[in-house]
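Based on the sequences and whatever the hints tell you, model everything.
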Amino acid sequence: MGISEGEEKAKHWLEGIKANDPKVYPKNTLIVEALSRGQIAVGFFNHYYSDKMRKKDAKIPLAHHFTNNDVSSLVNVAGSGNCNYWLL
Numbered sequence: 001m002g003i004s005e006g007e008e009k010a011k012h013w014l015e016g017i018k019a020n021d022p023k024v025y026p027k028n029t030l031i032v033e034a035l036s037r038g039q040i041a042v043g044f045f046n047h048y049y050s051d052k053m054r055k056k057d058a059k060i061p062l063a064h065h066f067t068n069n070d071v072s073s074l075v076n077v078a079g080s081g082n083c084n085y086w087l088l
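So the sequence shown is residues 1 to 88, counted in this note's numbering.
Mimicking EDC-like on lysine to aspartate or glutamate, the simulated pairs with C-alpha atoms at most 20 Å apart in a straight line are: (1) K18 with E7; (2) K27 with D57; (3) K59 with E33; (4) K52 with E33; (5) K55 with E33; (6) K11 with D21; (7) K23 with E33; (8) K18 with E8; (9) K56 with E33; (10) K18 with E5.
Label pairs and their calculated CB-CB ranges: (11) G2 with K59: 35 to 41 Å; (12) D57 with E15: 34 to 40 Å; (13) D57 with Y25: 16 to 22 Å; (14) I3 with K56: 34 to 40 Å; (15) E5 with D57: 33 to 39 Å; (16) I40 with A10: 20 to 26 Å; (17) N46 with K18: 20 to 26 Å; (18) Y48 with P22: 19 to 25 Å; (19) K59 with K9: 34 to 40 Å.
Rather than coming from a laboratory, the hints here were simulated on the basis of the structure.
Ideal Cβ positions, reconstructed from N, Cα and C, are used throughout, including at glycine.
Quick look at the structure:
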């Protein structure tokens with residue numbers, strides 16, 4: 001976001017997240033569970049966990065929010081190999 005939108009916009013976005021007093025969870029599944037119980041309105045987690053959790057309970061009200069040309073849509077390539085690179 002800092003590269004494509006500028007550091008000021010990236011800083012503003014991060015400050016907005018911080019202003020919402022985000023809760024940090026130690027595991028992706030705990031984020032999905034909190035979302036499904038309505039304890040939080042938004043969660044950042046690896047998207048495949050929502051599908052994994054839906055297999056346990058099809059009623060879990062979750063949605064992916066991938067959008068075109070939006071730098072806030074993140075693709076995590078951790079599952080494609082043992083590498084720690086950001087794709088820009």
